[in-house]
Amino acid sequence: MPAGTLYRGREGMWSWVAHRVTGVLIFFFLLVHVLDTALVRVSPQAYDSTISTYKTPLVNLMEYGLTAAILFHALNGLRVIAVDFWSKGPKYQKQMLWSVVGIWVVLMAGAFWGILQHTLLTWFGK
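Each residue of the sequence shown is one higher than the one before, counting from 3 in the working numbering.
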């Protein structure tokens with residue numbers, strides 16, 4: 003990599019990118035959620051129709067992705083707070099990032115069956 007390059011592709015840059023991407027994904031989810039919930043005031047039939055489309059395996063996989071995005075964003079946000087407000091934060095930011103990733107993986111593994119149970123049973127039977 004040439005000297006003076008701003009982006010070095012290290013952990014700090016990738017956590018920054020992941021934090022922004024998850025933030026944008028969460029924002030768009032919230033936007034859609036507010037809009038589809040507002041349908042109940044306009045047309046209860048349209049609301050019921052929209053909600054029924056959410057009960058598909060594809061949307062269930064997207065719910066798992068949403069959980070992953072929210073969880074990473076929250077854990078990484080706590081790491082960012084620690085880096086900003088703890089005097090030793092910058093020194094340990096790399097270790098804190100790997101701790102966040104480890105905790106995130108464990109929690110996402112624990113959430114796997116709880117969130118995807120209906121879809122997995124639909125696809126693979128009991």
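No lab work stands behind these hints: they were computed from the structure. Treat the hints loosely; a few may be bogus.
Pairwise CB distance ranges (calculated) [unchecked claim]:
no., residue 1, residue 2, range
1, Val108, Val19, 19 to 27 Å
2, Leu33, Trp125, 24 to 32 Å
3, Phe87, Met15, 43 to 51 Å
4, Pro92, Val19, 26 to 34 Å
5, Pro59, Trp88, 29 to 37 Å
Cβ coordinates follow ideal geometry from the N, Cα and C atoms, glycine included.
Consistency of the hints with the structure:
1. Val108 to Val19: 19 to 27 Å: holds (23 Å)
2. Leu33 to Trp125: 24 to 32 Å: holds (30 Å)
3. Phe87 to Met15: 43 to 51 Å: violated (21 Å)
4. Pro92 to Val19: 26 to 34 Å: Cβ of Pro92 to Cβ of Val19: about 19 Å, so the range 26 to 34 Å is violated.
5. Pro59 to Trp88: 29 to 37 Å: violated (43 Å)
Of the numbered hints listed earlier, those contradicted by the structure are 3, 4 and 5.
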